[in-house]
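*Asks:* Now for the letters of each chain:
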Amino acid sequence: MSRTTRRSAAVLLTAGTAALVLAGCTSTAQPAAPSGGDAAAGGPITVNATDAACEISSAEAPAGNISFSIKNSGTKVTEFYLYGTGDRIMGEIENIGPGLSRNLIVEVPDGGAYTTACKPGMIGDGIRNAFTVTGTAARSVDTNARLAEATAGYKRYVGSQIEALVPKTQEFVDAVKAGKVEEAKALFPVSRTYWERIEPVAESFGDLDPKMDGREDDEREQGVGFTGFHRLEKDLWADGLQPDSAAVADQLMVDMKDLQTRVAPLEFTPVQLANGAKELLDEVATGKIEGEEDRYSHTDLWDFKGNLDGSQGAVAALRPVIDEKDPQLGPTLDQRFAAVDALLDEYREGDGYKSYLTLTEDDKKAMAAAVDALGEPISQVAGVVTS
Amino acid sequence: MASAGSGGGFSRRRLFGFAGAGVALAGAGAGIGYAAGAAGSDEPAHDGVVPFRGQHQAGIVTPAQDRMHFVALDLTTTDRAEVQRLFQKWTAAAERMTAGLETSENGAVGLNPLSPPADTGEALGLPAASLTLTLGLGASFFDKLGMAGKRPPALIDLPSFTGDRLDPNRSGGDLCIQACSDDPQVGVHAIRNLVRIGFGTTAVRWSQLGFGRTSSTSTAQATPRNLFGFKDGTNNLKAEEPQEIDQHVWVEAGDGPAWMTDGSYLVARRIRMHIETWDRTSLEEQEAIVGRTKREGNPLSGQKEFDLADLRAKGADGQPAIAMNAHIRLASSESLNGVKILRRGYNFVDGSDGNGHLDAGLFFVAFVRNPETQFVPMQRALAKKDKMMEYLEHNGSALFACPPGVGDGEYWAQSLFS
Numbered sequence: 000m001s002r003t004t005r006r007s008a009a010v011l012l013t014a015g016t017a018a019l020v021l022a023g024c025t026s027t028a029q030p031a032a033p034s035g036g037d038a039a040a041g042g043p044i045t046v047n048a049t050d051a052a053c054e055i056s057s058a059e060a061p062a063g064n065i066s067f068s069i070k071n072s073g074t075k076v077t078e079f080y081l082y083g084t085g086d087r088i089m090g091e092i093e094n095i096g097p098g099l100s101r102n103l104i105v106e107v108p109d110g111g112a113y114t115t116a117c118k119p120g121m122i123g124d125g126i127r128n129a130f131t132v133t134g135t136a137a138r139s140v141d142t143n144a145r146l147a148e149a150t151a152g153y154k155r156y157v158g159s160q161i162e163a164l165v166p167k168t169q170e171f172v173d174a175v176k177a178g179k180v181e182e183a184k185a186l187f188p189v190s191r192t193y194w195e196r197i198e199p200v201a202e203s204f205g206d207l208d209p210k211m212d213g214r215e216d217d218e219r220e221q222g223v224g225f226t227g228f229h230r231l232e233k234d235l236w237a238d239g240l241q242p243d244s245a246a247v248a249d250q251l252m253v254d255m256k257d258l259q260t261r262v263a264p265l266e267f268t269p270v271q272l273a274n275g276a277k278e279l280l281d282e283v284a285t286g287k288i289e290g291e292e293d294r295y296s297h298t299d300l301w302d303f304k305g306n307l308d309g310s311q312g313a314v315a316a317l318r319p320v321i322d323e324k325d326p327q328l329g330p331t332l333d334q335r336f337a338a339v340d341a342l343l344d345e346y347r348e349g350d351g352y353k354s355y356l357t358l359t360e361d362d363k364k365a366m367a368a369a370v371d372a373l374g375e376p377i378s379q380v381a382g383v384v385t386s
Numbered sequence: 000m001a002s003a004g005s006g007g008g009f010s011r012r013r014l015f016g017f018a019g020a021g022v023a024l025a026g027a028g029a030g031i032g033y034a035a036g037a038a039g040s041d042e043p044a045h046d047g048v049v050p051f052r053g054q055h056q057a058g059i060v061t062p063a064q065d066r067m068h069f070v071a072l073d074l075t076t077t078d079r080a081e082v083q084r085l086f087q088k089w090t091a092a093a094e095r096m097t098a099g100l101e102t103s104e105n106g107a108v109g110l111n112p113l114s115p116p117a118d119t120g121e122a123l124g125l126p127a128a129s130l131t132l133t134l135g136l137g138a139s140f141f142d143k144l145g146m147a148g149k150r151p152p153a154l155i156d157l158p159s160f161t162g163d164r165l166d167p168n169r170s171g172g173d174l175c176i177q178a179c180s181d182d183p184q185v186g187v188h189a190i191r192n193l194v195r196i197g198f199g200t201t202a203v204r205w206s207q208l209g210f211g212r213t214s215s216t217s218t219a220q221a222t223p224r225n226l227f228g229f230k231d232g233t234n235n236l237k238a239e240e241p242q243e244i245d246q247h248v249w250v251e252a253g254d255g256p257a258w259m260t261d262g263s264y265l266v267a268r269r270i271r272m273h274i275e276t277w278d279r280t281s282l283e284e285q286e287a288i289v290g291r292t293k294r295e296g297n298p299l300s301g302q303k304e305f306d307l308a309d310l311r312a313k314g315a316d317g318q319p320a321i322a323m324n325a326h327i328r329l330a331s332s333e334s335l336n337g338v339k340i341l342r343r344g345y346n347f348v349d350g351s352d353g354n355g356h357l358d359a360g361l362f363f364v365a366f367v368r369n370p371e372t373q374f375v376p377m378q379r380a381l382a383k384k385d386k387m388m389e390y391l392e393h394n395g396s397a398l399f400a401c402p403p404g405v406g407d408g409e410y411w412a413q414s415l416f417s
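These protein sequence lines map, in sequence, to chains P and U. Counting in numbering that gives the first Met the number 0, the final residue of the first sequence is number 386, and the numbers go up one at a time with none missing. Counting in numbering that gives the first Met the number 0, the final residue of the second sequence is number 417, and the numbers go up one at a time with none missing.
It is worth saying that the hints were derived from the structure and are not from the lab. Treat the numbers as computed from the prediction; the structure is a model and nothing was measured. All C-beta atoms in this analysis are idealised placements derived from N, C-alpha and C, irrespective of residue type, glycine included. Treat the hints with caution; some may be incorrect.
DSS-like cross-link-like pairs, simulated, lysine-lysine; straight-line CA separation at most 27 Å [as the list claims (entries may be wrong)]:
hint: 1; chain 1: P; residue 1: Lys-256; chain 2: P; residue 2: Lys-233
hint: 2; chain 1: U; residue 1: Lys-313; chain 2: P; residue 2: Lys-364
hint: 3; chain 1: U; residue 1: Lys-237; chain 2: P; residue 2: Lys-324
hint: 4; chain 1: U; residue 1: Lys-303; chain 2: U; residue 2: Lys-313
hint: 5; chain 1: P; residue 1: Lys-353; chain 2: P; residue 2: Lys-364
hint: 6; chain 1: P; residue 1: Lys-364; chain 2: U; residue 2: Lys-237
hint: 7; chain 1: U; residue 1: Lys-88; chain 2: U; residue 2: Lys-143
hint: 8; chain 1: U; residue 1: Lys-143; chain 2: P; residue 2: Lys-363
hint: 9; chain 1: U; residue 1: Lys-303; chain 2: U; residue 2: Lys-237
hint: 10; chain 1: U; residue 1: Lys-143; chain 2: U; residue 2: Lys-293
hint: 11; chain 1: P; residue 1: Lys-233; chain 2: P; residue 2: Lys-353
hint: 12; chain 1: P; residue 1: Lys-233; chain 2: P; residue 2: Lys-154
To be clear about the criterion: a stretch of chain U counts as covered by chain P if any three or more of its residues have a C-beta under 8 Å from a C-beta of chain P, and this derived list gives those stretches [what the hints assert, rightly or not]:
hint: 13; segment: 193-200
hint: 14; segment: 287-294
Not the full set, but computed from the structure, chain U residues with beta-carbon under 10 Å of chain P [to be verified]:
hint: 15; residue: Val-108
hint: 16; residue: Leu-110
hint: 17; residue: Asn-111
hint: 18; residue: Asn-168
hint: 19; residue: Arg-204
hint: 20; residue: Ser-206
hint: 21; residue: Asp-316
With the rest of the complex left out, here is chain U (with noise of 0.2 Å):
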């Protein structure tokens, strides 16, 4: 009993001080969220905070959250002083938010009362829920604000693909902010502010929710399932491969223009899966098309889900034991000349579509270091292979250069204004 009580004396003293520390480090940004932690007693002192500064933006190797609201913004002027003015609010906001603040100090009900409050509060009281905020910026962006000799040369107008049936209201924008969280509320509440700051120079050209991740970043998360019952990303990359992370995600000095370097390249496809058709569809076939069981998510010629795919394996029939128009073996690194892509998309559904079917799917989104050699010929080699197809309907797409992240004292993309 005595050592037990001094035990306890020891790690709460060992707790106290830990915080202590995590409030130093996060700054002041951070520090009422991490106080708040500290007090209580067995609440984790981490509240979810994800640093918004540093060397590549967050939201990109982040371990990915629950849960998205993503947003493309049109331009509504072609003045670059006041999209920079924008910028600057929008980074002093963000940060706030990412910390589990409000947009302002005081902001939903402490100001003026006779004035709309300038945070809309309803993440009042929710915890910062892993936050994070991503800034891209679209080609357009460029030839609105006359800044065209700015643009990357890998930031391209994606081709069309076989069996696209791309809706120009779900696709393309000037700029986008993908807000990732483990809170549905917490997202939405830092879209919701960030349009609102944005309204007379931006304006939504189109935005998607998402429910729940269909990939996995980190080693240290499960791989989920997407809306078709598989197992989704299995061979990912994870945050804890730096190295195949520099080469695939992370535009590298002497890729393209200097301010793009640090940053990357975000592919958006809202894909349509065909629910009630799928459904239909029988195990066996299910299993053929993606290549993987579907409890455990093996390859068709291995045993765990984590074991290699051996393209070559051929079954008892003699045939490949995953197929030749298999999802994975079209989309294998193997079969594209190494390359590989971080997928970081999410579930949706988005009630139904008036003929009493799901309007459900997967909102495709990967962070790649250049799209036009890894993103491109692996949706070409899928939208013209991928039996999968037959069950899928592209119908929206956009491609957004994401600046480096934001260092101490700087904006968002000031490395392009500067």
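So that you can see chain P by itself, here it is in the shape it has in the complex (with noise of 0.2 Å):
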């Protein structure tokens, strides 16, 4: 009896999972890329992701390459992402404007529990689902595999940022050569949002960064000037256009292309994962935490949200090497990071934060205190990670 109904279960269930694919095939409009497609799974999930949904044909497919097809019906700029264990990300598709359709194809060689998001307005945790990937593909498990693994995923998603980091520098580059001051003062924190995800990276190009984000009182060589996103702050803040702004965001956006360009072919280690994770923490604790960093719009907990986002993505690449290593540190990370989370989250104001000058001297102290907490256990993940 029991026999007969978990059979008859289970071919229901692929049927269904058919079904749905076929529906979500025939409602494209435009077909998945055939390139990236995975025919094993019958054709790419479709996700219909909406400023307060974020609809999905299948809630499961098997292991190996999964594709996604994400049309934004929304009115914001969406994100989408699929999440493993700890919030690693395991695929994401970032910067898609309302009425686009954007592909996305992620390797999953594991069986199990995941998390689908989407992020209208491109903040928070997102719209999120189960995802349950069953079977496991083939595939070699060592500890360097899974090491190779996570600093090609690393790498992956400083690829995303800067796709992303570059169009929305562009637009507010143009808000600023057109004087839209408001236009420009939101577009700000958006951009400085991708930025800061990936800061260790920018700042590893030591001729780069103080061009594009240096502050106003640096030593500088005699003859350069104050320039980068932060001029470009203090000017819609607190000076108001100059003659030399246009020429300073031009400068911004070369600089940008320049990164661009060279952080293409990075290619990073385990432990520059783990350090890069730890650096922006230190961000956070050293430069955040005090309104250092955006003096002149007080939008650091933007930056805030970033460097934790890219601290997160870091770690969460390393995760399955931790969880080798170390099963206790990883639920300890988690823990720690939903409590910075969960704070930062009290300061949001629509897509974005309130101001830095709202917090109070016991705001501040208490979000110290989760940064102090976060940090000490990011910190052994380097010695975790090659141990």
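Can you join these two chains into the complex? Each is in its own frame, and there are hints to help.
*Replies:* Now the structure itself:
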């Protein structure tokens, strides 16, 4: 009796999946690009992203290459993520404008519980749904292979951030040049979110970073001016646009494209990932907690969130190795990341964050304690993955 | 010559034998420090190790060391098991550090070079320096962990005293650790590492450095001077008076919850001294305010420092020799129905205040068996009447319950959790 039931349920499930996928296919105006399509899955899983929902045509797929076709039917720019344990980013696609469709192929070798998320407005944890991957794709699973997967995964992450950072910076630069102060002010923290997520990578180019992210009081060579994000921030919030603001904006864009070119061939080591995660937390602990970074716009909490995302992205890429070496560390990191996120969420306002000026001393102290609590286990990651 | 030689041989052998016994007594944890002492010729075998374990916590009747680093922490969790785990980790690290060792074996430089060192390293090569680490629990500790039933009734909320200017950022705390040592770096190292181990479970609320003890807690110690320039704590309880210590310092069975038996209560007060105005006060006035002379420290009714103060003695002018509002009169057990406290405070100078004045004073620490019947009446009397209050400002305050000592195989405050 029970055996029969189980068998019929399995059959039903298979049929159901096929039907859904089929329905997804027919309803998609543009079929997914054939290149990455996974034949075993029977075509891409469609995702209909609106401002309030993230409708996904199937909550399940077999291990291997899983294809998603994401359509943004909402009014806000959105992102789509597939997360593993500890919000390890298995695959993501950024900056999908309203009305646009994008394809994403994610390599998921292990079966298990995953999570999909659409992020209308590109902020917060997004609209999440459980996603199950069945079976296991063939591959070697020794530590070296896992580390290689981790670094490759992080490289994809950095690439996707740059891909969004460049056009967002362009929008910001265009607004500055057009003298649209309010629009530029709104775009400033958005473009910086992507920058902050990959800050250790961006900073690794010692000639670009001072030009793009320098502060007014940094020491400079004679004849070298104060340029970059923070110079434009000062113009927009404090001084008003200056005769050379447009030139500064143009230079920022030139430097950004230069950065993109230089980041593309970069390969990362596991230790760089781990140290990058730590450095991002250090950025928060020394810059954002003090409100030092965005001293004119006070949009520090956006940068804070960017650093936190980036740190989590790097740690998450290493997660399978961490879990293999120290089973306690991953859950601790999950819990501490969640605690910082929960604190930050208290300051959400619309698609962004409140001004840093609204934080009380007690608020800052609570933030500092949560960041310290996270910083200690993060500092252990490099040692754990190399042990 | 020959006899001197044989005598030297005898004494060296005896020294070696003594050191050997020391190793055995101190246990494996202290072995390295002792062995190194024994190997050196003229170095004392005892390198200032105060036993961490015992019936009572160290750092209370331990002869007051020269330096202090005190930290008050808040819990960032409400999970009792997490706090227990932290206390276990703290105990292991604290026991090692009080023996002059790193927080964990090879912690400073001997582990994975790609990991941050487990021990921060600034005490490498330094002796134990009589380091003691003393744990205290504040009233809010019990509330946060849902253990209100275990809060000792004696762990009261201190009343506000006349003239209090308490800064919440220098007051209270869910728990505290007092580090005392003869080397400031050893104490700072201990607090820094314990704070680090606590991240995620505790966060620093406030901390205070003290650079010179203001009390002697042993008859073997000379009475030190506070920043007013006066000997302070002449009449303090001394370790050599065990009956007095039992009566006034240690919590006895039946005093409160059983888990606190053999513990004590720690009162901390950050007392800013208005140094500059004090320094403009005549010697006669200063001595009248204190009730003692400045050089010898004798009560104004007597000749020598340890002469008992005669509160009824009259001066040549017929007025009380020790003024009615003098500090030692108001603080005396005679005026307070026999109340005594064990003082263990430190001088502090935290730089200057931005107005060109030293931010300096006394970090008052006292251990008592019952704060409500000992500290409160004393402070109430001083706050209301002490002429010295014109030169003082109490800007920090906290009260902690210090659990009993850590027995073999136990961890800090284990009696509370069992």
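*Asks:* None of the hints should be skipped; say for each whether it holds.
*Replies:* Tested hints:
1. P:Lys-256 with P:Lys-233: OK: Lys-256 (chain P) and Lys-233 (chain P) at ~23 Å, within 27 Å.
2. U:Lys-313 with P:Lys-364: violated, 56 Å
3. U:Lys-237 with P:Lys-324: Violated. Lys-237 (chain U) to Lys-324 (chain P) sits at ~53 Å, over the 27 Å cutoff.
4. U:Lys-303 with U:Lys-313: Measuring from Cα to Cα gives roughly 17 Å; hence the hint holds.
5. P:Lys-353 with P:Lys-364: Distance ~17 Å between Lys-353 (chain P) and Lys-364 (chain P) Cα, so the pair holds.
6. P:Lys-364 with U:Lys-237: Violated - the C-alpha atoms of Lys-237 (chain U) and Lys-364 (chain P) are around 40 Å apart, more than 27 Å.
7. U:Lys-88 with U:Lys-143: holds, 20 Å
8. U:Lys-143 with P:Lys-363: holds, 21 Å
9. U:Lys-303 with U:Lys-237: With a Cα-Cα distance of about 18 Å, the restraint between Lys-303 (chain U) and Lys-237 (chain U) holds, given a limit of 27 Å.
10. U:Lys-143 with U:Lys-293: violated, 47 Å
11. P:Lys-233 with P:Lys-353: Status holds; Cα separation ~19 Å.
12. P:Lys-233 with P:Lys-154: At roughly 33 Å apart (the allowed maximum being 27 Å), Lys-154 (chain P) and Lys-233 (chain P) break the hint.
13. 193-200: holds (count 4)
14. 287-294: With 0 residues close enough to chain P, the hint is violated.
15. Val-108: violated, 14 Å
16. Leu-110: holds, 8 Å
17. Asn-111: Since the shortest Cβ distance to chain P is 4 Å, the answer is holds.
18. Asn-168: With a closest approach of 8 Å, the Asn-168 (chain U) hint holds.
19. Arg-204: Result: holds, 9 Å to nearest chain P Cβ.
20. Ser-206: Violated - the Cβ of Ser-206 (chain U) stays beyond 10 Å from chain P, reaching only about 14 Å at its closest.
21. Asp-316: violated, 53 Å
When held up to the earlier numbered hints, the structure conflicts with 2, 3, 6, 10, 12, 14, 15, 20 and 21 and fits the remainder.
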